[in-house]
Each structure stands twice: as C-alpha cells, then as structure tokens.
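Each chain is listed here by its residues.
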Amino acid sequence: MDDDTSDFGSFYEADNEDETNTIINMSYKVLVPVKRVIDYAVKIRVRPDKTGVETANVKMSVNPFDEIAVEEAIRMKEAGFASEVVAVSLGPKTVQETIRNSIAMGADKGIHIETGTADLQPLGVAKVLKKLAETEKPNLIILGKQAIDDDANQTAQMLAGLLNWPQATFASKIEVDKANNSVKVTREIDGGLETLSMKMPAIISCDLRLNEPRYAKLQNIMKSKKAELKVQTPQDLGVDISNKIKTISVEEPAKRSGGIKVDSVDQIVQNLKKHALI
Amino acid sequence: MFRFVNKLNHINSSLLINNGIRYYSSKCLVVAEHDNKDLLSSTLNTITAANKLGSDVLLLVAGNNCKSVVDKATKIKGVKTVFHADHPLLEHGLAETLSPVVVGLKERQQLTHIFTPATNFGKNFIPRVAALLDVGAVSDITSIKSDDTFTHPIYAGNAIATVKSEDAVKIGTIRTTAFEKAPVEGGSAAVEQLDWIAPLVDQAASSTNIKWEGSQVIKSERPELTGARVVVSGGRGMKSGENFKMLEELADTMGGAVGASRAAVDSGFVSNDLQVGQTGKVVAPELYIAVGISGAIQHLAGMKDSKVIVAINKDAEAPIFQVADVGLVGDLFKVVPELTEAIKKAK
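Residue numbers (this note's numbering), protein chains in the order written: chain A, 1152 to 1429; chain B, 465 to 811.
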C-alpha cells in the first residue's frame, strides 16, 4: 500500500495533504468520477446472442450526469472554493477519452483505473473510489446520480456507505460554506425538494437541474490531449472488483403493437370508450 | 436449447421445494416508505413483490412518532411481522441513520432479501445498505423469476436484463408500477419494537454529521403521479406554464394526474417532481395522454408501459406516434380544450 501512495505523491507534487486538513481556505480538492457510456441519443441494439447491448461502432460519450458533476466541480474552482479538480474513470483504455473530456472542460488532472473488459458494477467501482478517496483525500466527491446505461443509481450511495461519509443524492443546488467546512445541498425528492447540510468530506450525486455543462473550447481540447494521466489498476490499489450479480441475458422489451392515427377529437373519444377508459 | 432445458429444471426444482413442506427458508425485509402518519402506496407494491418469493415478509417501519403507520401496516395482507423503529433522527428517512437499522436487522434476523420501492426514498438509502453489507444491489426490479433471479430495465428501458444474484442477501429496489398493491386489509402481523436501534442511530448521525434542514413539498389535490389511473403530460409544445392549466382541466375531467417531459420542466413550465422519464418518475397508468411531447428515448422510458397511449402533436413525424395507440396530428391549443369538452359530454 505504501508503494501506491508514494506513486501518487511523486505524480502530484503540488498536493499537500496537511494543508487540506488545517487551512480551511486552501487546497480543497474535488474528485469527480466519470463514466463512458453509449451516447444518450443512440437507439441501442440488443446483441442477437442476448449477452448484452451492441457497443462496437456505436457513438460513445460522457454520461450526461457526470458532465454535470464535472461542471459543478469546475464552478467550485472558479468560485475560489476548490483548488483542484481530479477526474477519474474506470474501464478499458478508451475511457481516457472521457477523462480528457473532463480536463478539456477544466479539470486539473485525471486518473485512469485500467480494468480491461471486466464487468464493472457499482459496488466494485465504489470500492476503487474508496481507495482513491483515501489516497487523494478529496473534500468532496461529486458523481452523477446515475449512468444512463445500467441506470443503477447506486455508486454514490455505496461509496458514501463504504467511507461512512454523509451523502446528498439527486442534488439540484449546492452551497459550500467554507467557514464551517460544510455544504448545504438541495435535493430533488418525490414530493418536491429537501435541504440537507453536511460536514465535509461528503458525497454528492447530481441531478439534471444542477447546472448546464459548458462546451470545452477547442484550445482546451487540444491541451487535454497531451495531459498526462495517472494509470493504475484495481490490483495496484488492492481492490477486488469481482461481483456476484451475474447477467443471465439481455433482451429487447416487448414491442407495442402499432397504433392508429385519427383525424378528430371525436375519434379519440370513441377509442377511449372502446378501451373502457371513459 | 441447452439453456432452455436448464431453465425448466430450475423451475421444477424450486416447485418441488415449495410443494413439499411449506418451506420458509427465506425472509424478505421490506423497508416501508411513509410520512410518519401514513404508508405510501409504493410500500404496498413492494410487499406484493416480496410475496412472490414465497418467503416470510417482514416490514420495517422506521420513523419518528410513526405508530399510526405501524397500526396500518399490521393489517396489510401478506406481512408476517412489523418491526417498529422510532427515533427522532429517523423522521426524514435519511440514508445515514436508516441504513444501520436495516443492517442491524439483517444481523439479527438472517434476512435473505431486502426490498424497498424504487422511489427517491428507496434509491437513496438501499445502495448504502448494500455497501455496508458488501453485496451488490439490483435497481428497479420489474419481475421476480426465482429467489435469486430478477429482471430489470437498462438503457432507459430499451433492454431488459435478467440477473442472478449470488450474494448471501439479495438487495433491490422494486419498480412499483410492475407489481399490484397488496390489500390493506386482511392481515394480522405481529409487532416487534426495535429497542436496540437508538445507539446505532445516534452514532450514525454523529459520525456523519448530517442535518436535515427542511423541505418544500408541492401540494396538489390531484392523485399522485405514479399511482394515477390517468396521466396527462405536457412537453415543450405547451409553450408556457400558464398553458398547463389546459392539461389540468383535462386531467381533472378524468380524475387524472399531470406530468411533464424534461423539456417542459427545464423551461420552467412546471416543477421537476412532475417529470416523467428515465431520470424522473416511471408511470404505467391505464391512459397516458402526451400533449406536445416529441417522445425522446428518455421520456418513453418513463411511460411506455402505459396501457393506452394517446398522443397529440402537430408534428406527424414525432417519435411519440410510434408508441401511441391513438395519435392525432393537430394544434394542441385547439385539440385539448375540445377533447376536455368532448370527454365531459361523453361521460
């Protein structure tokens, strides 16, 4: 374990852990996990052998909720709260694109956890992030509330549980109170909104309405391509990412039978009557 | 073919077990969603899902001064025991304080399953519980194939995954629209007070330093969106929040609820708790009327299991018409008031 932390130390020379803990106004670090997923606009296709969804030659993008998380972290930096934003992604080498996208938006550096083609599930991801939280010592970890591929909505909550940190999920507003080392979060709940306050370090997951992510400038995109990424494996971190939930099959949902187009309101009413709805 | 045979064998063996001695090896804890006065109906759907396991169903009511909820819970058909955990810090269902209570119950009761509704309440705390128990979780379960095999939608409902959990305790959230509500009468569950919870809850609150500051709950006379028989939803085509009054009138004519697309919420027409879709609420009413909604993948994810879908849109090419049972191409500002009047007359 010591080897791992010293690796981090040499890579991130500017990082000073003592400062983070003692000087309130300095060196607040925000860790933002980002996931590479099939682009939200793509109509997905289930593989004929039912093992999953076709991902070859399909447009991939950053999970939309994660872009919101990155944007929020960058705004914290611009507001003088955060001093450093670290983007991290797990997966094969292709996820480096996703990390570079975050850097192009304004993240300071990236960590790639190389997992090859392993079936990543929220618990394994949360375990890796927990290790990174211990070495990187962020004050806040901001995640998307769910990935639009597995739709699990679990990673932030699991990470909070593993770290025993407070959590505010489905955030639509975040206010940092530096003086009290706390953060106030407005959450989207089923009946409306709810406000929590938490001491940092804390976990936040973002809802859609938190902000509108910026587009990266071309110049920053070019710069991000050269950014050096820290690459590690779960083994380096001593984390077992295997999981006990096995996918048996993936199938297409039942198709709706084709409907009809009508020309008048009366015909709508007739149809509703036919279905005994009025 | 091979896979098919295997599947049959599996079904047979589980039937044998169930047909032999009444075999209660499994215990499913349902964590109730409530407001300290009443149970929310999402809990009833979850109890039905739990009963599909053929196991003992145990219900946890954790809250503050929530005895009236416990009293109602004991009458629900299909519940064996109601666990009552009362503590001021459990009032708002915070994940930090609720999770240790659930974990404590798991240790004391040898639970095999833990289910809760896939509402924002359930989604918020159940993964935290799973992590504390070092097990995975299955989100948004839509069917229960056996005690370890479940289906759930992925990719905004465009694929259905069947998963098998090999974890010692199976944890999941239940998509409420996929299961009927358990009857609120006919049961006679025992009540067990959980007197051991106070130190766990206090400790969790102090170690995480979480504070509930307040809430803004939007009040409505209309039925609750996820349980409504009829839902009338508006999209960007509504042009303003003011125009949603038209949809409210149509909804009221049919005793329905009003929903919205993300575009309508983002444009500030209505509050975000009305959003139907992949990242909002999932509804499956008998009738869904989509007005001025194009029908993006993300919106369809939240409503395409509705029994009958009616679409009103001026764009004949809008994707919503591909899932609509009845579609009318036309100007919603003309069609909707006409439809409201026509339905009033037809009744």
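Heads up, some of the hints might be wrong.
If you anchor each label on the Cβ, the simulated ranges turn out as follows [unchecked claim]:
| id | chain 1 | residue 1 | chain 2 | residue 2 | range |
| --- | --- | --- | --- | --- | --- |
| 1 | A | Met1373 | B | Lys501 | 55 to 63 Å |
| 2 | B | Gly678 | A | Arg1196 | 54 to 62 Å |
| 3 | A | Lys1194 | B | Ser607 | 21 to 29 Å |
No more than 20 Å apart at the CA atoms, straight line, and that leaves these computed lysine to aspartate or glutamate pairs for DMTMM-like [claimed, not checked]:
| id | chain 1 | residue 1 | chain 2 | residue 2 |
| --- | --- | --- | --- | --- |
| 4 | A | Lys1406 | B | Glu712 |
| 5 | B | Lys628 | A | Glu1403 |
| 6 | A | Lys1228 | A | Glu1403 |
| 7 | A | Lys1397 | B | Asp598 |
| 8 | A | Lys1397 | B | Asp612 |
| 9 | A | Lys1194 | B | Asp795 |
| 10 | A | Lys1281 | A | Asp1391 |
| 11 | B | Lys771 | A | Glu1403 |
| 12 | B | Lys798 | B | Glu712 |
| 13 | A | Lys1395 | B | Asp598 |
| 14 | A | Lys1395 | B | Glu630 |
| 15 | A | Lys1412 | B | Asp795 |
| 16 | A | Lys1424 | B | Asp789 |
| 17 | B | Lys501 | A | Asp1190 |
| 18 | A | Lys1412 | B | Asp598 |
| 19 | A | Lys1281 | B | Asp666 |
| 20 | A | Lys1397 | B | Glu630 |
| 21 | A | Lys1395 | B | Asp789 |
| 22 | A | Lys1406 | B | Asp598 |
| 23 | B | Lys811 | A | Asp1417 |
| 24 | B | Lys768 | A | Asp1391 |
It is worth saying that the hints were derived from the structure and are not from the lab.
Where is the CB? At the ideal position from N, CA and C, for every residue including glycine.
Do the hints match the structure? See the list:
At roughly 59 Å, the beta-carbon separation of A:Met1373 and B:Lys501 lies within the given 55 to 63 Å, and the hint holds. At roughly 46 Å, the beta carbons of B:Gly678 and A:Arg1196 sit outside the given window of 54 to 62 Å. Distance hint check for A:Lys1194 and B:Ser607: the Cβ-Cβ separation is about 24 Å, which falls inside the suggested range of 21 to 29 Å. With a C-alpha separation of about 30 Å, the suggested pair A:Lys1406 and B:Glu712 falls outside the 20 Å cut-off, and the hint is violated.
Taking the CA atoms of B:Lys628 and A:Glu1403, the gap is about 18 Å. The hint holds against a cut of 20 Å. Using a Cα cut-off of 20 Å, the hinted pair A:Lys1228 and A:Glu1403 is violated, with the two alpha carbons roughly 43 Å apart. In summary, the hint linking A:Lys1397 to B:Asp598 is supported, as the alpha carbons are separated by about 16 Å, within the 20 Å threshold. Straight-line distance between C-alpha atoms of A:Lys1397 and B:Asp612 comes to about 10 Å, which keeps the hinted pair within the 20 Å bound.
Simply put, A:Lys1194 and B:Asp795 have alpha-carbon atoms about 28 Å apart, too far for the 20 Å limit, and the pair is violated. Proximity of A:Lys1281 to A:Asp1391 is assessed by CA-CA distance (about 12 Å); at most 20 Å being required, the pair is judged to hold. Our distance criterion of 20 Å between C-alpha atoms is met by B:Lys771 and A:Glu1403, whose separation comes to about 19 Å. For the suggested pair B:Lys798 and B:Glu712, the alpha carbons sit about 15 Å apart, so the restraint of at most 20 Å is met.
Between A:Lys1395 and B:Asp598, the direct Cα distance comes to roughly 10 Å. Compliance with the 20 Å bound is thereby established for this hinted pair. With a CA separation close to 5 Å, the supplied pair A:Lys1395 and B:Glu630 stays within the 20 Å bound. Only pairs whose Cα atoms come within 20 Å are accepted, and A:Lys1412 paired with B:Asp795 is accepted, the gap being roughly 15 Å. Taken as a hint, the A:Lys1424 and B:Asp789 pair is honoured in the structure, with Cα atoms around 13 Å apart against an allowance of 20 Å.
Among the hinted pairs, B:Lys501 with A:Asp1190 is inconsistent with the structure: their alpha-carbon atoms are about 43 Å apart, more than 20 Å. In summary, the hint linking A:Lys1412 to B:Asp598 is not supported, as the alpha carbons are separated by about 52 Å, beyond the 20 Å threshold. Distance restraint check for A:Lys1281 and B:Asp666: the Cα-Cα separation of roughly 24 Å exceeds the 20 Å cut-off, and the hinted pair is therefore not satisfied. Restraint check: the Cα-Cα separation between A:Lys1397 and B:Glu630 comes to about 8 Å, which is no more than 20 Å; the hinted pair holds.
A hinted pair counts as satisfied when its Cα atoms are at most 20 Å apart, and A:Lys1395 with B:Asp789 does not qualify at roughly 41 Å. A hinted pair counts as satisfied when its Cα atoms are at most 20 Å apart, and A:Lys1406 with B:Asp598 does not qualify at roughly 37 Å. Distance restraint check for B:Lys811 and A:Asp1417: the Cα-Cα separation of roughly 13 Å lies within the 20 Å cut-off, and the hinted pair is therefore satisfied. For the suggested pair B:Lys768 and A:Asp1391, the alpha carbons sit about 38 Å apart, so the restraint of at most 20 Å is broken.
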